Amino acid sequence: MLRGVMRGGAVVLALPFLDYFLDTNGTAIAASLGGGRMPVRFGTWFWGCGMIPDRWNPTKAGSAYDLPAQLAPLKPVQQHVSILSNFAVPLEGQANSPHYSGNIAIRTGSAAEGWQKIAAPTLDVIISDAIGGGSVFRSLDLSPSGNPRTSYSYRNGSSQNAAIPTPLEMYQKIFGTDFHDPNAAAFTPDPHYMVRKSILSGVTDERRKLMQRIGAADRARVDQYFTSVREIEQKLALQLEKPPPAEACRVPAKPQEIAASTDITQREAGHKVMADMLAMALACNQTKVFNMTFSEALAELRSDGSTTGYHQSTHEELTDRTLGYQPTVDKFATQCMGAWADFVTSMAAVKEGDGTLLDNMLVFAHSDVSFAKNHDPNGIPMMTAGRAGGKIKAGIHINGNGDSVTRVGLTLQQVMGVPADAWGAAGSRTNRTLTELLA
Amino acid sequence: MTGDRVNRQIKLKWLVAGLSAAVFAWASVNAAQRGSENTTPAADAAAVTPQLFRLTEAQYRASIADIFGSDIRVAGRFEPDLRVDGLLAVGGSTISVTRGGFEQYEAIARTIADQVTDPAHRGTLVGCGPSAVDPDGRACAKTFFERVGLRLYRRPLGPSEIALAMKNWDDARQQLGGDFYVATSAALSGLLSGMEFIFRIENTTADPARPGARTLDAWSRASRISYLLWNSTPDEELLAAAKSGALMTDAGLAAQVDRLMASPRFVNGARAFFDDYLRFDDLNTVSKDGTIYPRYRAAVTGDAREQTLRTIVDLLIVKRGDFRDLLTTRQVAMNGMLSPLYKIPVDQKGWAMHEFGPNEPRAGILTQIAFLAGHSHPGRSSATLRGKAIREILMCDPIPAPPANVNFTVVQDVNNPKLLTARARVQAHLDDEECASCHKRMDPMGLALENYDGAGQYRTSENGVPIDATGELDGVKFDGAVQLGQALRNNPKVSACLVETALRYSFGRRLTAMDDGMLARLKTQFSTDGYHVPDLIRAIVLSPTYYAVTPAVKRPRRLAQLAAGAKG
Amino acid sequence: MNTLATTVSASAAAIALAGATLSLQNRPSETRSFVIASIYMPSVEVDSKSCPTESKNALQVFLDTLSPEERVKYADPARGRELGALMSRTLGFKRSVGDTPISSDNIEDLRRAAGIPPGKGAIVSYPTRHLAYDTCTNPDDFPTQASGNQEYLGKVAYGMNLDGKVGKRDFVGVDGEPGVDNAWYRAVGCGRIARSTGVPRVADNVLVSQASPTLIEVTGIDDDRNDSDVDVNVYASADALELSATGGALADASYHPDPRPMLTSHVKGRITNGVLTTDTFDITLHFHESIIDARPVMRRARIRATLNADGSIEGGIYGYHTLASLEDEYAQASTIGANLMSCPGQVKALRANADGFPDPRTHRNTAISSMYRFKGVAAYVVHKPAQVATQ
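In the order they appear, the protein sequences are chains A, B and C.
No gaps in the numbering here: position 60 of the first sequence is 60 in my numbering, and each next residue is one more.
No gaps in the numbering here: position 463 of the second sequence is 1463 in my numbering, and each next residue is one more.
No gaps in the numbering here: position 234 of the third sequence is 2234 in my numbering, and each next residue is one more.
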């Protein structure tokens, strides 16, 4: 119970039980109240159009792996990044849908030819369902693209989690009027949240009556709607609580608006601003799960002044006879790795606990294809960054030797505490954890 | 023999039970005329047609403007609509609301409610308050919620819904210091956050014309025709027609349909349809390289969309023209933002109709910037993207995804001096047998549009080589965009596709075999009656089939026979 | 409905676009129009021989009149504002206060309230319209400040031979043309403004007079490479300059001419190998920016410009710039550019170098040989029908 004085009257509020302080074993952890473990955060980072395998895949497995040309930008952060190469996408007899099949298999564990046909939620949704509670945002979907549809987070084929598409909107959403600084000395619960919360619980009460009128085809949609309402209600309940202090939290300044652009240099600039803000959102415990989509699967990226963009170049640019690869494609792919290195740097820059924010994170980076020219779904580049609070190894290269990508998705979920002993549908189902990744 | 007979009896019992259950369930899908007060047991999904249609962003905004006035600002980002089978209208019956999406709706609801109750608006929109006879304003609040609730939910609120609104009002008064307007705002935001506002929810009732069958109830009819014809919420007159039962009669329905279609607001409904049909929502992500196309300023994309929509409305709605003329019309809406791309002088910066001369190479919507730039790359035209758009959008002929292991080595480098035009570059598509199977359906038409660059600007050559814009469609040869427009105009697939798309749009769902009859009739009528789009829409909304609810059991007669046979 | 008077150009352009090839005799004559994006006095790259010193700016001239101690104190550039304030106080500059819009009703009151002597001062536009009295509005009242100007001593300058003679003081043009008359350049060519921003490689890309760019309309063109008889109309635009996606002047936009006759000129010309040259005429230009609203007047002026195939134009207006209009432009600038130029010095130099149009009474020259260089892009000049009410 919270006894407080609001607007002149003493009010006693009965607050719902909050699962913020619990990990999956039911042990209470005080996030920053002396001697507790930091929460482990999970996120995905996506870039489109893959890489050129000969110039990306390290040759040496294990630690101290070599950095081929397209991985050169990772040099300053290599110790944080593990490479997962040479895993295969199970198509299960379906066609290889260019730019879709690989991405879908990695994120949902089974093949589908399009996002509207997926059979399962993406793994970030599974993880946020498990650990996202207790945070103001159960997850954050972000992209510097300016397009809210640049997102590969889906609950089902009709339910995409749209991205926050600009730095300014991201700031307003996370650090705007509803933000409560965890390190602020004073906290006064705002009765407006109580009112909003009780209004939403009234909305939820209408569910039963509505269900009586709805046919089975639409029931799931009604259910999803009311679940969404309930989750926002839970968020409002959280906002009536004083947030526990977060030692690493520094509220960022409002950014300048950076116009969204398909020009890759502009995209990188917007991305950097959003990455830095995300680091603070995580350090301030506003969320534990996120998705950052640097560019979409068809990589709408280009360079100002050039008639041919990244995606077109992957198909139309000839291999240079002297160099042995497509030069424009190589440049774009390397720049994408530069953006990834920026992201890792932003997370590593925040001191938290005995180490850094990144040490308490598990970021999973991947693309939609390996060699974009022929939409190769095998050997799709995948990486992790961070140590997941000590649970995984950073700075190693694991060669998948043709194993299914579902092993990776399974392992990530297990590391994040999802009780899964197997993952994937039918032929892609696996129960083999990628133990080489575990610490 | 006995075993067989027992088996047959069991099978029949199962069938009869199934039939009964279905009929029982069928009867249970009975939405109360008044709100959600019905306490009949849960329906077992007799309806296979969807009942929930999420309002598009445009519909949401129009509804708020109609209910509360156009000066109420609706600020915030809406969850994106989903395009299914080529239409956002169809996607609206498959989507729900995500957590992030709901958070946005709730925030928008609060900003609307705050404005409705602010000093500038409360006089006209709330219209009452605490008074001598009603000191805390309770009676006023109740009247307000009843009145507004009817507009928001497009049907009267049930007693429990009103009670909930009053409970919210009471709570808010208690928690937030007793101010009438603050409390009213809070409860109003609750109404705006309800599924009944954000979605159109359709309910059925017994069909007065066909015993045993079911049909959409009057409130659902009002919503359907209003969102179809005006892209917005039913007005007071339409709601009155629902209440009186007039919409359940042919004459009453026709009177309202004719009223809505005669109104200038019918233009909004037409625009919404064509915007969806042409997939103009995708224009939101078009970006052009300013260095390559300096005349393509930031505002061009939005104005180009507006240009084509205005042209269509002028031709098909205002002038009641022949739909096929969209492919050949020389009339186009023009303004000062677009004129430099068309290289024509304009008298004024604002919109005015312009007519291209008979010898000019522009005619039809395929020579307008929305189509040309919308289906190009940021720095280049694309014959394949444009050809694909013509096939899929105008001819309802979907192109499958490209094979994953295409041998792209045959597609040469764009800087190769031998391949100076798009035609030369895409020739590889047509030379390779595997590629040609799909590309021959796209590239020839797209290549006819190569006189227009990636920004839609006219050119006669590319890299110094004159452009060859010849091609063929279903045996009809063409040379250039104007002749391509002619060929498409006369191709029956185009008008057939328009009818099918209009029907899917009107229903807000995929078509099934059960719709075949209606579709065939509409197609025939459309062509014999001169291809008038308003007439097509009218035929759809006045057809009883439009309001019929699909029964769950597809072959009731056969099962009844079996059941009858089982008794003997 | 198309109500334009330029349908001739529209259909001519259309015929060209359709790629039809018609014989020369059958083709109706064409109009090509342009909007000017940059227009300025062009500078050559100077060196220590052509400009032994840079002309002093107003602060430097004033500094020279101070005591040695003060000179030491104020030599520090960080004290520039202080020096300017001191100059203003010492010399007795005046400025009207407040933001009251100036009109014929209140201008005398404002003048009196500001202490500006009757008949003196000028309306200046920066930062908001004010009445001011200072070395730029009334340079003659501040003779002590009329020093420090360095004349351009070089041999080469932009310009044209205007008087038909090759005088000893004439320049050689940048393309080798002898007898070039550009006394304006002699007078101000060593000033900071000319030297830094007056060179074409910089100034060609600076948009000028965006609020009212100049429009040039060439009509009656039968052959845009060689035509012995075309008509040229020059207007001030009633519409602001439209910008492209990259911030330069937008090609193919439509502009209405300012209806005021004083801002409209007509002259005959001819095109030779793509270069348009006109007869001489008097022209009043319109320079309209945020801080200036000036009407430069060129007498016995000629346009010589290349009509490029891409629709752009590049060339110059060569003629005698009236001192009155030049000094009026300086007056409007007031002393905001005190660290760039000194008005009394420049005005003195202009008057000393004036070489045309002697006043019949005083016999002093009232105009100075000059050149404005300009670049422009293709535009449509749209003439509203006469019966439509104009401003």
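Hints in this document: simulated from the structure, not taken from any laboratory.
Take the hints with a grain of salt, since some may be wrong.
Unchecked claim - Under 8 Å between C-beta atoms, here's a sample of chain B residues computed to sit facing chain A:
1. Pro1080
2. Ser1096
3. Gly1101
4. Ser1193
5. Met1195
6. Gln1348
7. Trp1351
8. Arg1380
9. Asp1397
10. Ala1401
11. Gly1517
12. Met1518
Stated by the list, open to error - Quick list of simulated restraints, FRET-style, between CB atoms:
13. Val251(A) to Val2202(C): 43 to 51 Å
14. Pro2261(C) to Lys1349(B): 19 to 27 Å
15. Asp1179(B) to Met211(A): 30 to 38 Å
16. Val251(A) to Asn1284(B): 29 to 37 Å
17. Gly1464(B) to Thr2280(C): 36 to 44 Å
18. Asn1284(B) to Ala72(A): 30 to 38 Å
19. Gly2092(C) to Asp178(A): 55 to 63 Å
20. Gly1357(B) to Thr2280(C): 36 to 44 Å
21. Gly1302(B) to Thr265(A): 19 to 27 Å
Unchecked claim - Below, simulated DSBU-like cross-link-like pairs (lysine-lysine); rule was C-alpha separation at most 35 Å, straight line:
22. Lys209(A) to Lys1343(B)
23. Lys331(A) to Lys75(A)
24. Lys1349(B) to Lys2155(C)
25. Lys1440(B) to Lys1493(B)
26. Lys1142(B) to Lys209(A)
27. Lys1493(B) to Lys242(A)
28. Lys1343(B) to Lys117(A)
29. Lys1319(B) to Lys1343(B)
30. Lys1493(B) to Lys117(A)
31. Lys1349(B) to Lys117(A)
32. Lys2073(C) to Lys1343(B)
33. Lys1142(B) to Lys1319(B)
34. Lys331(A) to Lys1440(B)
35. Lys75(A) to Lys209(A)
36. Lys2384(C) to Lys1319(B)
37. Lys1349(B) to Lys2268(C)
38. Lys1440(B) to Lys209(A)
Keep in mind that this is a model prediction, so the values were computed, not measured.
Just so it is clear, CB atoms sit at the ideal spot from N, CA and C, and this is done for glycine as well.
Failing hints, ascending?
6, 7, 9, 11, 12, 22, 24, 27, 28, 31, 32, 33, 35, 38
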